[in-house]
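Chemist: So you can see what is in the structure, the chains are spelled out below.
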Amino acid sequence: MDPLIIVPLVIVVALFFDFTNGFHDTANAMATPIATGAMKPKTAVTVAAIMNLLGAFLSTQVSLTISKGILNDDPSSGGSLIQPEIIFAALTGAILWNLLTWLFGLPSSSSHALFGGLIGAAVVAMGFSSVHFDKVVEKVLIPALFAPLIAGLASALATLTAYIITGRSEGARKKNGIATGRGKFKIGQIFSSSLLALSHGTNDAQKTMGIITLVLVSAGLVTKDAPVQFWVILASALAIAIGTYTGGWRIIKTMGSGLSEIRPAQGFAAEISSGATILSSSFLGFALSTTQVASGSVIGSGIGRRGAQVRWNKAGQIALGWLVTLPASAIVGGASAYLVHTFGITGLIIDGIILLLAAYGIFRVSARNKVSSRHVAPSEVEVAAATALRSPRQVRTEAAKAAKAAKGKGKK
Amino acid sequence: MDIKWNQLLLVASASVVVAVVVSALFALGVRLITNAQHAVPGARKGKAADMRKEILSRVFAYLSFLVSAAVLSLFLLGILFSNDKGVKAAIGAFFGIQ
Numbered sequence: 001m002d003p004l005i006i007v008p009l010v011i012v013v014a015l016f017f018d019f020t021n022g023f024h025d026t027a028n029a030m031a032t033p034i035a036t037g038a039m040k041p042k043t044a045v046t047v048a049a050i051m052n053l054l055g056a057f058l059s060t061q062v063s064l065t066i067s068k069g070i071l072n073d074d075p076s077s078g079g080s081l082i083q084p085e086i087i088f089a090a091l092t093g094a095i096l097w098n099l100l101t102w103l104f105g106l107p108s109s110s111s112h113a114l115f116g117g118l119i120g121a122a123v124v125a126m127g128f129s130s131v132h133f134d135k136v137v138e139k140v141l142i143p144a145l146f147a148p149l150i151a152g153l154a155s156a157l158a159t160l161t162a163y164i165i166t167g168r169s170e171g172a173r174k175k176n177g178i179a180t181g182r183g184k185f186k187i188g189q190i191f192s193s194s195l196l197a198l199s200h201g202t203n204d205a206q207k208t209m210g211i212i213t214l215v216l217v218s219a220g221l222v223t224k225d226a227p228v229q230f231w232v233i234l235a236s237a238l239a240i241a242i243g244t245y246t247g248g249w250r251i252i253k254t255m256g257s258g259l260s261e262i263r264p265a266q267g268f269a270a271e272i273s274s275g276a277t278i279l280s281s282s283f284l285g286f287a288l289s290t291t292q293v294a295s296g297s298v299i300g301s302g303i304g305r306r307g308a309q310v311r312w313n314k315a316g317q318i319a320l321g322w323l324v325t326l327p328a329s330a331i332v333g334g335a336s337a338y339l340v341h342t343f344g345i346t347g348l349i350i351d352g353i354i355l356l357l358a359a360y361g362i363f364r365v366s367a368r369n370k371v372s373s374r375h376v377a378p379s380e381v382e383v384a385a386a387t388a389l390r391s392p393r394q395v396r397t398e399a400a401k402a403a404k405a406a407k408g409k410g411k412k
Numbered sequence: 001m002d003i004k005w006n007q008l009l010l011v012a013s014a015s016v017v018v019a020v021v022v023s024a025l026f027a028l029g030v031r032l033i034t035n036a037q038h039a040v041p042g043a044r045k046g047k048a049a050d051m052r053k054e055i056l057s058r059v060f061a062y063l064s065f066l067v068s069a070a071v072l073s074l075f076l077l078g079i080l081f082s083n084d085k086g087v088k089a090a091i092g093a094f095f096g097i098q
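So the protein sequences, as listed, match chains A and B. At the far end of the first sequence sits residue 412, using the numbering used here, and the numbering has no gaps. At the far end of the second sequence sits residue 98, using the numbering used here, and the numbering has no gaps.
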């Protein structure tokens with residue numbers, strides 16, 4: 001296929017994927033500070049966009065290893081070099097899955113959608129020998145299983161620790177008129193969520209840089225050992241930042257209030273746990289999904305605070321989404337690759353039209369039930385209630401004490 | 001299939017330790033600063049015990065916040081900028097990972 005057609009097309013689609021990745025993942029860092037009122041929604045997405053932009057410039061270490069190990073690019077063992085058409089098909093699958101999960105407000109992994117698209121497209125275009133399935137288990141499935149568990153455990157323990165340290169007995173609070181001061185965690189949340197957004201930019205913008213560089217290499221426009229071009233870094237950074245600024249309000253709503261009722265100390269613990277898990281895993285070469293880590297942390301913070309409720313049915317829906325992500329995007333990527341493989345340039349045009357129509361349709365459906373920044377911010381009453389109201393456990397304990405006291409009086 | 005269980009365990013333990021330590025230090029700061037604020041009315045009236053309590057609580061609270069930020073910053077900087085293979089190998093050797 002003519003590189004003059006395919007290369008610009010793949011770059012545009014890759015940048016659109018980067019954009020969807022940005023707005024899909026805004027929730028990872030900003031859902032909890034918005035839910036606790038630590039930051040106003042628009043301020044939060046602006047901070048996240050700036051941090052993602054900065055993060056994208058911090059490292060290009062993994063940008064050239066996007067498909068390393070998972071796809072077999074060694075011709076001597078039945079594999080072949082990855083072609084721009086396959087990348088285009090993979091991106092189609094990933095974008096459609098990102099848009100669909102955004103429509104349902106499900107925080108799914110953009111990285112897994114991309115891996116799924118790549119696997120599906122490679123299998124259809126080059127056969128099963130083009131994929132190292134053992135590496136898929138090792139690099140994608142096992143980390144996917146452990147990411148939310150590790151982040152959840154860290155978050156639950158961090159929340160519990162924070163509540164124990166700041167805890168004061170009801171008696172001491174009444175006697176001295178002293179509060180727990182847990183509202184002050186909101187200040188910490190501003191820093192912890194910014195850190196999380198920075199690590200997201202460092203991690204996720206590189207996927208697009210890697211894809212564009214891969215296309216440039218396969219078209220012979222740059223050499224395999226050449227560093228990532230500055231315009232590639234700039235374009236990827238801007239695309240993810242603009243996407244982040246757009247704000248995936250549906251997913252922010254799910255992560256902020258759909259999984260568990262979040263208070264400032266929990267939000268702080270969840271963000272610190274997510275940041276620590278993402279950073280330590282990327283250091284040791286595990287491709288953990290930032291979305292799965294952030295979701296696990298939010299659930300963990302709900303487990304760690306006594307009296308907090310975790311909405312397990314919503315968590316179950318999200319987990320189901322995670323299970324389906326890889327095969328679903330693989331199917332779309334495979335179908336897209338089939339069209340390109342069979343019909344050449346015509347297939348590519350059909351793919352592009354289908355992608356545009358599907359994206360348009362999803363945006364039209366989403367407009368019927370619009371979720372904006374106004375729907376995710378807690379009202380003043382909710383913020384006040386979160387600190388003034390007693391937890392269900394406290395209410396139960398007080399009722400039991402009152403009943404006991406009444407019984408004692410009755411005996412006398 | 002070569003699943004690196006040791007590394008996964010290291011990710012889990014590093015995440016838990018960093019999250020708990022940073023949260024604990026910040027929470028300690030919150031508790032101390034709340035104590036300091038509680039002592040303010042007494043300190044304004046000139047009560048020596050409250051004045052001492054306010055100053056000490058405030059100093060240790062800010063120290064707690066500072067250490068918490070330092071732990072997190074060191075962790076972040078260490079990971080972002082230690083892509084050096086020698087550093088990775090040294091850390092790997094320390095934890096017995098190839």
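Please note that a few of the clues may not be correct.
As the list claims (entries may be wrong) - Calculated lysine-lysine pairs in the DSS-like style (CA-CA distance at most 30 Å, straight line):
| no. | chain 1 | residue 1 | chain 2 | residue 2 |
| --- | --- | --- | --- | --- |
| 1 | A | 139 | A | 224 |
| 2 | A | 409 | A | 224 |
| 3 | A | 186 | A | 174 |
| 4 | B | 53 | A | 174 |
| 5 | A | 135 | B | 4 |
| 6 | A | 370 | A | 174 |
| 7 | A | 139 | B | 4 |
| 8 | A | 139 | A | 314 |
| 9 | A | 174 | A | 401 |
| 10 | A | 404 | A | 40 |
| 11 | A | 253 | A | 42 |
| 12 | A | 404 | A | 175 |
| 13 | A | 370 | A | 42 |
| 14 | A | 224 | A | 314 |
| 15 | A | 253 | A | 370 |
| 16 | B | 4 | A | 174 |
| 17 | A | 404 | A | 174 |
| 18 | A | 40 | A | 139 |
| 19 | A | 174 | B | 47 |
| 20 | A | 175 | B | 53 |
| 21 | A | 42 | B | 53 |
| 22 | A | 40 | A | 253 |
| 23 | A | 224 | B | 47 |
| 24 | A | 175 | A | 314 |
| 25 | B | 4 | A | 175 |
| 26 | A | 186 | B | 53 |
| 27 | A | 370 | A | 175 |
| 28 | A | 135 | A | 40 |
Unchecked claim - Okay, the calculated beta carbon distance ranges per label pair:
| no. | chain 1 | residue 1 | chain 2 | residue 2 | range |
| --- | --- | --- | --- | --- | --- |
| 29 | B | 9 | A | 134 | 43 to 49 Å |
| 30 | A | 57 | B | 48 | 49 to 55 Å |
| 31 | A | 103 | B | 59 | 51 to 57 Å |
| 32 | A | 57 | B | 46 | 53 to 59 Å |
| 33 | B | 4 | A | 373 | 25 to 31 Å |
| 34 | B | 59 | A | 375 | 52 to 58 Å |
| 35 | B | 59 | A | 227 | 45 to 51 Å |
| 36 | B | 48 | A | 178 | 56 to 62 Å |
| 37 | A | 54 | B | 46 | 37 to 43 Å |
| 38 | A | 74 | B | 5 | 23 to 29 Å |
| 39 | A | 222 | B | 5 | 52 to 58 Å |
Quick caveat, the hints were computed from the structure, so don't treat them as lab data. The structure displayed is predicted, hence computed values, not measured ones. Glycine included, every Cβ here is placed at the ideal spot set by N, Cα and C.
Chemist: All the hints need checking, so say for each whether the structure fits it.
Modeler: Structure-based check of all given hints:
1. Restraint check for residue 139(A) and residue 224(A): satisfied, since their Cα atoms lie roughly 23 Å apart, inside the 30 Å limit.
2. Straight-line distance between C-alpha atoms of residue 409(A) and residue 224(A) comes to about 85 Å, which puts the hinted pair past the 30 Å bound.
3. Of the pairs offered as hints, the one joining residue 186(A) and residue 174(A) holds, with about 24 Å between alpha carbons and a cut-off of 30 Å not exceeded.
4. Taking the CA atoms of residue 53(B) and residue 174(A), the gap is near 20 Å; set against the 30 Å cutoff, the hint holds.
5. A hinted pair counts as satisfied when its Cα atoms are at most 30 Å apart, and residue 135(A) with residue 4(B) qualifies at roughly 12 Å.
6. A C-alpha spacing of about 45 Å is found between residue 370(A) and residue 174(A), which places the hinted pair above 30 Å, so the restraint is violated.
7. Of the supplied pair hints, the one linking residue 139(A) and residue 4(B) holds, its CA atoms being roughly 10 Å apart against a limit of 30 Å.
8. Distance restraint check for residue 139(A) and residue 314(A): the Cα-Cα separation of roughly 27 Å lies within the 30 Å cut-off, and the hinted pair is therefore satisfied.
9. Proximity of residue 174(A) to residue 401(A) is assessed by CA-CA distance (about 16 Å); at most 30 Å being required, the pair is judged to hold.
10. At most 30 Å may separate the alpha-carbon atoms for a hinted pair to count; residue 404(A) and residue 40(A) exceed this at roughly 45 Å.
11. Our distance criterion of 30 Å between C-alpha atoms is met by residue 253(A) and residue 42(A), whose separation comes to about 14 Å.
12. Distance hint between residue 404(A) and residue 175(A) is fulfilled; the C-alpha atoms sit about 22 Å from each other, no more than 30 Å.
13. Distance hint between residue 370(A) and residue 42(A) is fulfilled; the C-alpha atoms sit about 16 Å from each other, no more than 30 Å.
14. For the proposed pair residue 224(A) and residue 314(A), the alpha carbon gap of about 45 Å is over 30 Å, so the pair is violated.
15. At most 30 Å may separate the alpha-carbon atoms for a hinted pair to count; residue 253(A) and residue 370(A) meet this at roughly 12 Å.
16. For the hint linking residue 4(B) to residue 174(A), the alpha-carbon distance of about 53 Å lies beyond 30 Å, and the restraint is violated.
17. Simply put, residue 404(A) and residue 174(A) have alpha-carbon atoms about 20 Å apart, close enough for the 30 Å limit, and the pair holds.
18. Between residue 40(A) and residue 139(A) the alpha-carbon distance is near 37 Å, which puts this suggested pair outside the 30 Å criterion.
19. Our distance criterion of 30 Å between C-alpha atoms is met by residue 174(A) and residue 47(B), whose separation comes to about 22 Å.
20. Distance restraint check for residue 175(A) and residue 53(B): the Cα-Cα separation of roughly 18 Å lies within the 30 Å cut-off, and the hinted pair is therefore satisfied.
21. A C-alpha spacing of about 40 Å is found between residue 42(A) and residue 53(B), which places the hinted pair above 30 Å, so the restraint is violated.
22. Proximity of residue 40(A) to residue 253(A) is assessed by CA-CA distance (about 14 Å); at most 30 Å being required, the pair is judged to hold.
23. Between residue 224(A) and residue 47(B), the direct Cα distance comes to roughly 73 Å. Violation of the 30 Å bound is thereby established for this hinted pair.
24. Simply put, residue 175(A) and residue 314(A) have alpha-carbon atoms about 41 Å apart, too far for the 30 Å limit, and the pair is violated.
25. Pair hint residue 4(B) plus residue 175(A) does not hold up; C-alpha atoms about 54 Å apart against a cutoff of 30 Å.
26. Between residue 186(A) and residue 53(B), the direct Cα distance comes to roughly 25 Å. Compliance with the 30 Å bound is thereby established for this hinted pair.
27. The straight-line distance between the Cα atoms of residue 370(A) and residue 175(A) is roughly 48 Å, outside the 30 Å bound, and the hint therefore fails.
28. With a CA separation close to 42 Å, the supplied pair residue 135(A) and residue 40(A) exceeds the 30 Å bound.
29. As the Cβ distance of residue 9(B) to residue 134(A) is approximately 21 Å, the hint placing it in 43 to 49 Å is violated.
30. Between residue 57(A) and residue 48(B) the CB atoms are about 54 Å apart, so this pair conforms to the stated range of 49 to 55 Å.
31. At roughly 52 Å, the beta-carbon separation of residue 103(A) and residue 59(B) lies within the given 51 to 57 Å, and the hint holds.
32. A hinted range of 53 to 59 Å for the beta carbons of residue 57(A) and residue 46(B) is consistent with their spacing of about 54 Å.
33. Here the CB-CB span from residue 4(B) to residue 373(A) is close to 42 Å, at odds with the stated 25 to 31 Å.
34. For residue 59(B) paired with residue 375(A), a C-beta distance near 43 Å fails the hint of 52 to 58 Å.
35. At roughly 48 Å, the beta carbons of residue 59(B) and residue 227(A) sit within the given window of 45 to 51 Å.
36. At about 20 Å, the CB distance of residue 48(B) to residue 178(A) disagrees with the hint of 56 to 62 Å.
37. A hinted range of 37 to 43 Å is violated for the C-beta pair residue 54(A) and residue 46(B), which are about 49 Å apart.
38. For residue 74(A) and residue 5(B), the Cβ-Cβ distance of about 27 Å falls inside the hinted range of 23 to 29 Å, so the restraint holds.
39. At about 38 Å, the CB distance of residue 222(A) to residue 5(B) disagrees with the hint of 52 to 58 Å.
In terms of the numbered hints stated before, the structure departs from hints 2, 6, 10, 14, 16, 18, 21, 23, 24, 25, 27, 28, 29, 33, 34, 36, 37, 39, listed from lowest to highest.
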